[in-house]
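Q: Sequences listed follow chains Z and H, in order. Counting in my numbering, the first sequence runs without a single skipped number right up to 1228 at its last residue. Counting in my numbering, the second sequence runs without a single skipped number right up to 190 at its last residue.
No lab work stands behind these hints, which were simulated from the structure alone. It is possible that some hints are incorrect.
[Stated by the list, open to error] Derived SDA-like pairs (lysine to any residue); straight-line CA-CA distance at most 20 Å: (1) Z/LYS954 x H/LYS180; (2) H/LYS90 x Z/LYS954; (3) H/LYS171 x Z/GLU851; (4) H/LYS180 x Z/HIS849; (5) H/LYS171 x Z/GLN891.
[To be verified] To give an idea of the interface, some chain H residues facing chain Z are shown, with a C-beta separation under 7 Å as derived from the structure: (6) SER34; (7) GLU37; (8) HIS60; (9) GLU64; (10) LYS66; (11) GLU88; (12) PRO91; (13) ILE95; (14) ALA166; (15) GLY174; (16) PRO176; (17) ALA177; (18) GLY178; (19) ARG181.
Even for Gly, the Cβ is constructed at its ideal location relative to N, Cα and C.
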Amino acid sequence: MKAVCWQGTKHVEVQKVPDPQILNPRDIIVKITSTAICGSDLHLFDGVIPAMQKGDILGHEFMGEVVELGPHVKNLRVGDKVVVPFNISCGHCFFCHRQEYSLCDNSNPKPELAEKIYGHGASGLFGYSHMYGGYAGGQAEYARVPFGDVGPLKVPTDMDDEKVLFLSDIFPTGYMAAANCNIQMGDTVAVWGCGPVGLFAIESAYLLGAERVIAIDHVPERLQMAKNVCKAEVLNYEEVDVLDELNILTGGRGPDACIDAVGLEAHGTDLYSKYETAKMSVKMATDRPIALRQAIQACRKGGTVSIPGVYGGFLDKVPLGAAFAKGLTFRMGQTHVRKYMEALLEHIVQGDVDPSFLITHRINIEDAPDAYKTFLDKKDNCIKVVIKNH
Amino acid sequence: MENQETVVTPEEQQQRLIDQGLYTSEAVTVLSSPEELYNFWLDPTNFMTFTEQLEAVHQISETKSHWVWRALKGGKTIEWVSEIVEQKPYLLIAWRSTPESDLRLSGRVEFVPLNYHRGTVVRVKMAYDLPTGKLLNLIEKTLGESPHRNLKINLIKLRELFEAGEIPKVEGQPAGNKREHETKTALH
């Protein structure tokens, strides 16, 4: 089959690789019909996530048709149409029982590295470095899905892929970011980053009862989508002083919750951002928490900072003093995708949200290397790339 | 907790079971009952299902079993006969090697149930010794493995087997760049 293989910093290739096989009794094999490139794949593309190896198959947002079942998988049939969560969960551990699927104890065959760096290993992820298990990803024609009886969500066969594909990651990720804000009646939520996760966070904040959502970015077409499609008020951080503006917009109190949907490779206009970009480029820093810093500064006293954006290592100059002084709550982490899939599918079926709005590029798998570059450089108004097979 | 008395300190453990050598201990929490874990542990053939280095094991008598351990690197083997020396149903099992073995080892596992369905703590202590001492050197240089790491990884695999019913793996999955074998698990 064809698969998108990581080759090093800013280099991916489409290669012919063997088809996946059932390796464990709870595995299934999915013939992939649609698969997407995620903003977090760009961190791999940029080479800022450790423990990648040449030849690793990328991709963790995919769906398709079940073509083979391991002997212990009883809840699916060959021919079922499924959306696969990006995290792999056993369904039976302490964490899965609490629906904390991304913290699954038993799905990472290589927990040692994460244990050394983070204290404990997290769940396995598709196509996301050997720290997360080294599982082959879904930017391919087929994928082996371990614990296939837990993660994959069966969707109606007549449902358009584009409406449900993002249940694999970014819709639940935006939704969990908003759910983590503990939104109350009358709340204002500020969202840094109007990429796919930020846009879904805006949609979700409204679904969960936010009165106002203010979105911050600098890419014109993303701000436009946040404003026109997702109905957020928008701020371009290159044009206004974000902290001043948020304060004015919220009557001096600050947003009740702030969502950092940017993560470790944020851009900014202040001196710190330039300094951190330089440090990261010579590997003296792992992350540049520019959006996070602003979110902490902006958040109202007693408010919540929710972090769906990915961070990988040790952060410099995070104003913990401000967070402490203001009594902030922090919520973060990889999304517990499976926890949210059914409720979000229902929202899609009911017509509350049509996630396909953010697809700007539909490509064949052969064009993936170019699409990575386009997406990274945010050229050609690129917001979301979907790879269509067959 | 009432089972606390079964826990001994490293010093006591070393003194009780072996005079000198390498001491290692590790613990894992498994969502299962002490009864199930205890019964599983009593049957040495069960260790074949989650201990990758174990080449063969067979029961000699109710308390004695013969073990063959193969290093993952280099493939050298080491053999011993293990004898259960202490047994308290659902609480602890202690064993040691018999004199005809390649090495002297002793071990002890304790099962401590947690309240509120939080599972059972499986706490293992192991001590190894050789007539010449320097066992760590032997195992790490000859076999290329660290006893503590092996213990930890194998306990994780035990948990995976009990909770998930299988041990996660990536060997055999596809990869680009003509990689012949998928990168190894942490054990290798």
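Q: Hints first: check each against the structure and report whether it holds.
A: Here is what the structure says about each hint:
1. Z/LYS954 x H/LYS180: Not OK: Z/LYS954 and H/LYS180 at ~30 Å, beyond 20 Å, violated.
2. H/LYS90 x Z/LYS954: Roughly 35 Å between the alpha carbons, so the hint for H/LYS90 and Z/LYS954 is violated.
3. H/LYS171 x Z/GLU851: violated (25 Å)
4. H/LYS180 x Z/HIS849: Judged against 20 Å, a Cα distance of about 17 Å means the pair holds.
5. H/LYS171 x Z/GLN891: holds (17 Å)
6. SER34: At 10 Å from the nearest chain Z Cβ, H/SER34 fails the 7 Å test, so the hint is violated.
7. GLU37: Violated, because the Cβ-Cβ distance from H/GLU37 to chain Z comes to roughly 18 Å (cut-off 7 Å).
8. HIS60: violated (26 Å)
9. GLU64: violated (32 Å)
10. LYS66: violated (33 Å)
11. GLU88: violated (30 Å)
12. PRO91: Because about 25 Å separates H/PRO91 from the closest Cβ in chain Z, which is outside the 7 Å limit, the hint is violated.
13. ILE95: For H/ILE95, the interface hint is violated, since the closest Cβ of chain Z sits about 24 Å away, which is over 7 Å.
14. ALA166: Status holds, d = 4 Å.
15. GLY174: holds (5 Å)
16. PRO176: With Cβ-Cβ at 4 Å, under 7 Å, it holds.
17. ALA177: holds (5 Å)
18. GLY178: holds (3 Å)
19. ARG181: With Cβ-Cβ at 5 Å, under 7 Å, it holds.
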